[in-house]
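Novice: Here is what each chain is made of, one letter per residue.
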Amino acid sequence: MTKVYVPRDVVALALGADRIAKKIAQLAAARGADVTIVRNGSRGMFFLEPLIEVETGSGRIGYGPVSPADVTSLFDAGFLTGGAHPLRIGKPEEHPFLAKQNRLTFSRIGITDPVSIADYEAHDGWKGLKKAIEIGPAAIIQEVTQSGLRGRGGAGFPTGIKWKTVSDCVDDRKYVVCNCDEGDSGTFADRMVLEDDPFMLIEGMAICAVAIGATKGYVYCRSEYPHGARAFNEALTHARAAGWLGKNIKGSNHSFDIELRMGAGAYVCGEETSLLESLEGKRGLVRAKPPLPAHKGLFQKPTVVNNVLSFAAAPYILAEGGAAYAAFGMGRSRGTMPLQIAGNVKFGGLFETAFGLTLGEIVEEIGGGTRSGRPVRAVQCGGPLGAYFPRELFDTPFDYEAFAAKDGLIGHGGLVIFDDTVDMADMARFAMEFCKIESCGKCTPCRIGSTRGQETIEKIMRGENVSANLIVIEDLCQTMKFGSLCALGGFAPYPVLSALRHFPEDFRPQTAAAAE
Amino acid sequence: MPETPIFDEDRARLIIAEHLGLEGPMLPILHALNEELGYVDDKAVPLIAEALNVTRAEVHGVLTFYHDFRRHPHGRHTLKICRAEACQSVGSEAVAKAALAELGVSWHGTTRDGQITVLPVYCLGLCATGPSALLDDCPIGHFDKDKLADAIEEVTAG
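Protein chains in written order, with our numbering: chain A, 634 to 1149; chain B, 2 to 159.
Note that these hints are calculated values from the structure, not bench results. The beta-carbon is built from N, C-alpha and C at its ideal position, and this holds for glycine as well. A couple of the hints might just be wrong.
To give an idea of the interface, some chain B residues facing chain A are shown, with a C-beta separation under 10 Å as derived from the structure [unchecked claim]:
hint, residue
1, Pro26
2, Met27
3, Pro29
4, Tyr40
5, Glu86
6, Val91
7, Thr112
8, Val122
9, Cys124
10, Asp138
11, His143
12, Lys146
13, Ala150
14, Ile153
My request is simple: use the sequences and hints to build the entire structure.
Specialist: Right, dumping it as structure tokens:
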């Protein structure tokens, strides 16, 4: 029997993986080959998807990108025994894109069947949770603190301190809430955890629950991820059946269960207090802080709200120790970050690496420049609320503080690459438009500011009073930055101001400049 | 055009009742009504308000806050086309414009035969293989005119 791996990650599905799997099964039957198809996750090399793999005597051999039309020629080339074919890439783990990574969190992704609990266990699964139950809350929090892990959602708050705060609260109920409202364009790491290694998230949340004494957890997943939601729900069922969730986890005195809740298309619900309101069944309006969610969170109870990637880092940290995680990284940015290289890029995908690579290395060397083959002009880092970086800033190391020093943010680790055909005034306009569409409406700077911002940039684009309107936009951005309640209105100025500062030529149409 | 909807009150009450054991049941109820009945009829609002012991205004507030909840029936299929930055960087706006023209609708519109409603979406997490789209539950990478035609053929045949 030969095992053939055809990914079930939505990227592979979007490029025809289901049809490929069907065709392999048909041809195998027709040719009398004994084939078992395993639907694994994605390795994160999206430029090779659908990347199918065959288990041979000398390891797994990959072929990609495969289209349904290639399946016959793969059989003819003897791919079931690793035969030569133009699409053959050799062993996936030896591919330069993977070989250069430090896969601590994403170590299983693409290798295992995401919903097979046996596969998970065979690949170091549950080690962290076993250790957590053994060492107890105080020692768990010490490991997480020592790891230097900072909130991977974007804000970068030290995870150990957050867990300690909730652990110290005394209350009859506490909650673990996972923010899986990954709305930033150019990010897909949360989605991949959900689809391709859901047990890791369950384990991470359970570790947190043991640390803080919570009995109930929620994953708030955006509705744009239906495939991830299905995979996660399936994993929940298996985890419950195996005793990793529910009453007295694996015979311990810790009880914990998780429920998946779907968002409903509101970007602002990725903001933690808005997310809590939404979970409670209300409009996703941002809450004023304090009180912090750690003190009064879901249903006014002490709550840890962490991003998927923060929880996903916990199993490794517990299994291998906080010091092992902290050995990666630079400065105050410890451990690894799953970079998501996206947009107009040649080699796009998930690249988990220690902090400290420069932006230029990531974009030019790892990403290989643009897919269109034209020069890279701008890179938006950290989602729709992140700054646009020009080539002149390509020496900036990927690190929370270094990016902040250049008026940018690393956010959730997404990098969207644009070639030289991009109109930066239009991108600035879009940033305001997006903020307008997604504003929850609670505070004026965000609600009105984004509307006026879009109008003003449109005036500039039409060449109306350009100099005066540029001053208005600068002023408006300052108001939004300092006057908004949350990061939506507060950070929307980042893309706008960075576009203005680094690409001023796009804001002075030739005609307008001549007229003034 | 979509046929005039008939609100199935008994079914709605049943759906609401199924979710009352949850903490914060409002969104799960609205999602269930949206999916099972195709949209959330205004007539469901007082039923939810009564079951959750909140005002109708509160239910209305939640219903209208979220982009996903439909207040009128949509087409049989939903095509979501991504308009976020990563897709824009590979020309999604032009592709979207062509798709809308091909289907003869504007954003949020439904084709004349009632088959397809086209919605904008801001990121599907398919950011290195754009432009991206989602037709019902079927993701589409490198979205273009040909892919649109193939996908439509597939869902309308099934």
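Novice: Are any of the numbered hints broken by this structure? If so, which, sorted upward?
Specialist: The structure breaks hints 4, 7, 12, 13 and 14; every other hint is satisfied.
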